Amino acid sequence: MSEKSWHLDRRAFLMGSGISLGLPWMECMARDNDQPVRQDQKPRRICAMYFGFGVGLPGEDSPHAQWRWFPKGEGREFQFTETLKPLDVHREKLTVLGGLSHPNGRRMGGHDTGDTFLTGAFLNNKFLVNTISVDQVAAKSVGDQTRFSSLVLSTDGGVGEPTRSSTLSYNDKGRPLPALHQPQQIFDRFFGTGDADTIAERRKLKSASSMLDLVLEDSRSLRNRLGNQDREKLDEYLASVRQIELGVERSQRWLEIPRPELRDEERTMLHLDSDDEAPLQFIRTMYDLMYLAFRTDSTRVATYQITNMADCSSKAAKFPQLQGFKDSLHTLAHDWDKPEGAEKLGRWDRFMAEQFVYFLNRLDSAQEESGSILDNSMVLYGSSNSVTHDNSNYPLILAGGSEFGLKHGRYLKFSDQVPMSNLFVTMLNSAGVPCASFADSTGELTELKFQ
Amino acid sequence: MSFQHDRYTGCSLALCLSIVVGSWLSGVHAVADETQFDREVLPILKSHCVRCHGAEKQEGGVRLDTLSVNLVDDRAALEQWHEVLNVLQKSEMPPEGEMPLSSQQLQTLTDWVSSSVHQALEARRQTDGRVVMRRLNRFEYQNTMRDLLGLDMDYSRDLPPDAVSSDGFQNNGRSLQMSSLQFEYYLATARRAMDRVIVRGEQPRKFDYVFPESNVDEWLGDAQRSNRLGRRQEFLAKMVNDYPDDGDFLVRVRLSAELKPETGYPLLEVSVGYRPDTEILMQEFELVEITSSDSQTFEFRGRLENFPLPVRGQGKYPGLVVRVRNVYDDKSPLPAAQKDDKGRTVYPDEPHLPTLTIESVEFHGNAYDQWPPELHRRILYDSPGVDREEIAYVTELLRRFMTRAFRRTVEDAEVARFAAFYQSIRAEFPSFEETIREALAMILVQPDFLFLLEPAGEEKRTISEQELASRLSYFLWSTMPDDRLLELANAGTLRENLDGEVDRMLADRRAQRFSEQFTDQWLSLNVVDNIAVNRERYPDFDDRLKSDLCDETHQMFEVLLRENQSAIQLLSSDFTMLNEPLAKHYGVPGVLGRSFRRVALPAELHRGSILSHGSVLLSNSTGADSHPVRRAVWIRDRILNDPPAPPPPNVPTLEEANPEFHQLSVREQLEIHRSRESCNNCHRNIDAWGIALENFDAVGRWRSEIQRRTGDNSEMRPVDAVVELPGGRQVIGADGLRAYLAGDRRQDFARSLISRLFTYALGRSLELSDQDAVDDVLNQFTQDDYRLKGLVHKVIGSDLFQTK
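Protein chains in written order, with my numbering: chain X, 781 to 1231; chain A, 212 to 1015.
Chain A with its partners taken away, still in its complex shape:
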């Protein structure tokens, strides 16, 4: 097995010769031993190589007799030796016409070079099995800032996208870099946030509106303005001039619904804004599915600055607009528009569809329950502290804030430094509040906040209780520890309550972030966003389905985790998690509504495995058709933890003499491809894995026929998904592959899952030295019938997780 996963890009049919970089584990014990080199290797170089690559001649600029054998320190030599290994393994050297190496000599030479190269690579790469101090990634930063300040804001807007590690993870300490640009935006973001949290002056004027009915007739689009909302109606509440430009607001919607049998529920969409000179005219709140016909009230809160606001005095349609719609759509043909007696557009009733009836819409601007607001008071408690000595008060509030921001007890000296900073700038700033904002913003750019900091020297040590609290919360919640975790840690009782706390954390809503982030990164699900689905092939594919596709995978992982079921069910199970749009996509009847639920799967649907999830199938497709090679590489890498070598340099493309070649099915093309020995070296171990899934088209729907081009036309041919896997095992299609993986290969899968889970939990790539720990957990996991929640407990309880 391999611990360092080479990123591999599926490269269509132009795959070829592999540089097999030797057996990787073989050289670990070997030291780049000059005597062994002098005794065994140098004589072969002298007899076979040095005549062209020595003192007299340096063919290709290569000289071997003086090339350093200290590969650890001499990078140029390391590269050169690596190249020597390549040419030996491709049999390019010695060239034709020169005296060939005996197989024994070849073996001696390649053994020495490969072990020396790998040892040097290891020395450069490894982190000695240590968790590296790592920066919060964008997602963690967003969550942490929001939880720390309680303010909902787009904190990561200006931060550059994070680097992804070569094994696909976005929380790898070594990959997550810091740059001055990054730092600059951390500071700007912290200042922006503090300007909002710490207020000054009197409470701003309130704005209160109640709209019993839509107050706009003339507007964009061909919707009908109404209180009763079907597919073609909308409710608009417009405030032309008198509305706030910033601050908290509240939208309250009272409504009732008319539900219909055999169809989905109405979907409430509330949007605020209207800025016609930009692409995004309005910003929507999250959709709410209305599953009861009773009269109900819904509240939506936001900050106006986060919404596209009209530019005052400009544009044909001025004013701040609240729009309410029912966006449920069963995709049946839309009814034709009619005109009422005033010439306005109206649409006939659609009795088969659910409707919403809006009773009223309210807008409340500057909707603060108290002044200064709660978030301000959390920091400036007993604000503004006029009765106390200012610096004593400031020191105390800084201590409180730093303790939460740094996720640990802070020392007096640390607080004193920030208090001194506060004092040093106090005279420059016009007010107490502005000085406090600045001091707090500065706390938010410290390494203690931006990084998971676990100071430790060269000796490994057990992490402290407070460090454990942070590791747990970033692992399972992608955010800072909550009060309870910190209290336990401060009291030194977190470890003794560990199992209970992990269960509590997994039961919390925030644990969804773990299911989503981990499955996204392990399985590279978010690639779906970069695949353009071919409109001609899939005219009714709606891009919004992409997030439902990914949610099937998230939800499947989550339900197995929550119910502590066997993780092998990710490979093979008799149910999956579906909602209405996804069930329609797969052709599963009787699933109504947007929420995901467990759906039993009859065998003829061929589902019940992440291999049949649209998320996985679409992300490993071209958008027009399946991509068997990419699917195969994905299975070997993500499921079996055995990625094929990446394609070598300067791959020859397949120039086929056969003019019919391009009309063959992908399967047939790959067969021809493999008939070439140079391609076959790699592809005989790759292709079959993907061809077994040929019954799934690009968007993950089942097909029994596949389109084949014949000149300008195309014809349908039956799918042939019967394959012989490497090693000779015959597998019949997706069902056969699923059974094989969940049966014969379940230990490989289990090991892959464990490795990836550790990688995510630790924020670092695994190394050879971690292998024992992985084996250990694998044994326990196997004995525990592969229960997923149990696995999370085992990872958290392991020395790897508990040690810095």
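Here chain X stands alone, though its shape is the one from the complex:
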């Protein structure tokens, strides 16, 4: 018996037996697949990470210029400062973007723009309805290829308070999607064994499905007895039920497919009991979980709000202090232009960059059929303030995606006439999600692509 025979091409096998399913793309299949893989079968992934309050931007000729977040120079001729130096190892796989921001954001309160980082919408204290976020546009298109359509994470979890939300992701109604924040819960959801007894699991799915039908039926008469305000809340409930119904169908399909196996070293690297009291370990654990979700092709879309601008309403407010810095996040950010503040904030920005590098290392070390996971993912990292309160010139890095034509190794400066949504249009198109426009976009960032 040849060594190859047990390396089943499961997609081909299942197709052959008449079951047509979107299957997780697995590294092990690649080795035995003699057929050239069709372009649209390769996973293309999008993820975005966010931090609040911007970065330190001392002037280029200031004595603290080495703690300026943006690099020196421009184009291919640029040098990272102390702040982003850790990123040098991935220099050829990333682009630093300067000058971009959401035009709507520039009309919003200094700390109100976290909610719109991935949406580009306009919010203020009186208009609090957001619009769909770029990750969810992608999830709608590619989400049914994987067990989970997206992975939404943050430090605080849930949705938070409008303009100080604790999630980056919004659905097509502009409703915030609650973020997960407990590593153990995330792990159980994505990689847990589920109900060991698949018959029992199937039974429960079936029963849930018939119950949900019943709920939807019953709700009609209830709905008629409600006033407008309550109807809105009931509809929110019913939309969730419908979503679950769709999920039941999806779960039934995925029940056939075993949960992804994690390797021993992947299990041991995880610190599932870490929490917001130990930021370094917590942030890395969240990155690890995102990496594993991609590695196992459990999802192709992920967002992670690392810190936000909710100040003391957020658990992340004290991250710097827990890492040995003297000030809270907000205070650090405010002191960027003070003599002793520039270096302090720079060192914090660098700490954050080091964790980002940790994530890039993970993605880049895992090979796929062509290129690494990083080469097949678009990874956005940044904030919606340049320095604190300033809603222009977002500090942004786009990494990965060279397999689908992104050109890297540069520091690109854009004028403020270019809305950040143009970046999203390019990201979506590169991810194989055809997209003519997003929010207030005026075109694409063609500079990012090999022509």
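Think of the hints as simulated: they come from the structure by calculation, not from any bench. All values derive from a computational prediction rather than experimental measurement. Certain hints may be false.
As the list claims (entries may be wrong) - Which bits of chain A does chain X cover? Going by a derived footprint, with three or more residues having C-beta under 8 Å, they are:
#1 632–643
#2 666–680
#3 833–843
Claimed, not checked - Some chain A residues close to chain X (C-beta under 7 Å, calculated; not the full set):
#4 341
#5 367
#6 369
Quick reminder that beta carbons are idealized off the backbone N, C-alpha and C, glycines included.
Got chain X sorted already, so can you dock chain A onto it with the hints?
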């Protein structure tokens, strides 16, 4: 006054220009009237604006001559007009060099825009003075599930944190959202709970252990194993292999104590678990303070699944462990370890400290008094009903369960639907019990359970007696109504017994939840958890003190409520509520023990007001020092109900030419800050409120000197807390501020309290249309000498509370 509170984040010194969004009440009567627009507004736009913002040119992409004036329906136009208002008020338009607007023209223009904008905003925002159907929040869900099922379990573990409304409340119907993730975990949680409540099969084997003494010597840490427990001893009872992995258990501890004068009481801590591969090795029960030296027995009950259990066959220290300690610590230096003749670590006696002597520790696994257990029998009464026709029995038990879960009488048709559901899945499930579990779990994801549902059409109506029972119990107890409330409601006699019932509810232990939840949300006390106290500045601050700090505020509110005293004492009183750790923190002598009690305050302590509560002071600090701006904003928002406008977009930071700037005190920095007109607009009305409290450091201790940086060094300077408040009133420090607020500003405070109380009781933000009701209650409250329990009665008796 403002009813919709803008959330405001204190933004250090970089505060600045304000967008004053017009006078908010002025435009209510105005209709976005096209004729008024055509007659008065359009001519000004044509003469001053349209040349650059019209058909020919659209500077900045703005065109005004064709911009819709239907702001209610056209959101884009609303945003655009709002922006017009901003630039007018900041005098950015017309730009320099263009013909300026006369003050009359400016007035006409801004009046029209602001009234139209506000009218449109109102139309979008308001709930027409209606209570919105609202979901139980995590806390209410936890309490409700526990009270409904009688099972102690962490029901809210997997639920996402709840959204907070912009006025700081966690029970706001509009903010509390439902999502598929949320729903998914409701279903999973209900199934998990039903698996535990409804049992199957024979009674599991019992495990019974009695430990007369600690049976472990070699273990982690440097504690001494002993029956006599001081600071450095512990009692360990270990079961290596033969212990259950789940089910109810009981730990029974017999002990006596040796109490000592001039010090606190021993504190009994019992923990169960031991899972060395996780951060949490053991789970502790709530501490018990032992205030008597007599021999006593204490019982602790739990579910093993809720405790970190060892993984069988793994680890260096296998086995389930019960640990008993005396965790009282007076913070005096610890004695040095010694070795006994067997080389074991021992510690010398500490005669000044109280000790516990353990007589025995018992562990009883699967400690069910009967089988099936009581909780199972409550649902499956006369279980398993073999003698009856199954579906008739099931219908009846479903009816009983639904009536409690939905907090109302259920109709036959509703029950029939669930009975039909039961039947439809019965064949799929292997047993009667498993089918019942599933049917009950499905009841627990219905909107009738998860929401406070009060079906009503567009017409307002008085709520039913059963709805009133739920409103009352979620307001005062954060849980479902108890049997008595439901009985009264079912009999239609709750309203006629309302005052008596409210008094009964307030006297119940569950009413503590009201004091805690309401003060936490009104005053944002739980922010303390997100403030990292600076270890260098406050080396002896123990983070566990944070909950004591908050409890001072909870307890103060609770005692005024219980004794029906004047709520003005929240601002100024001659006593506060303290326990030993907190009294030590404040430097108040003679308070021993963990329980809170009334402590009279001499004037020189400068306490006796929530403004001097460590909870409030720490949550409005940086963790290293006070934050006067944040404290000031807090006072204006939470105490005076008059929050300052939030900081505007793109705030310029303060780039000071003066290199000495960073060495100045905060007070001096703020003075320079205010010397700039753009900053002063807002800050002249903010800063003084916070500076008056400068005698309190970050953790709420009194100080007469304040640290000031000079280069790499620092020096101490006297605190200057004499301020002139907006309006010219001079106030001397915290005592002066307290007296002023409790005197001149007591009506503002009373109104703030009433507004917040209504917001919490109704689960919605207040609106303009509620103002009369608030005024009405304010009058009664004033005549009643601001008595707190009386206020709760007035809120409950009001039309707002009684109407859907």
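Do the hints match the structure? See the list:
no.: 1; hint: 632–643; result: holds (count 5)
no.: 2; hint: 666–680; result: holds (count 4)
no.: 3; hint: 833–843; result: holds (count 3)
no.: 4; hint: 341; result: holds, 6 Å
no.: 5; hint: 367; result: violated, 12 Å
no.: 6; hint: 369; result: holds, 6 Å
Hint 5 from the earlier list is the only one contradicted by this structure; the remaining hints agree with it.
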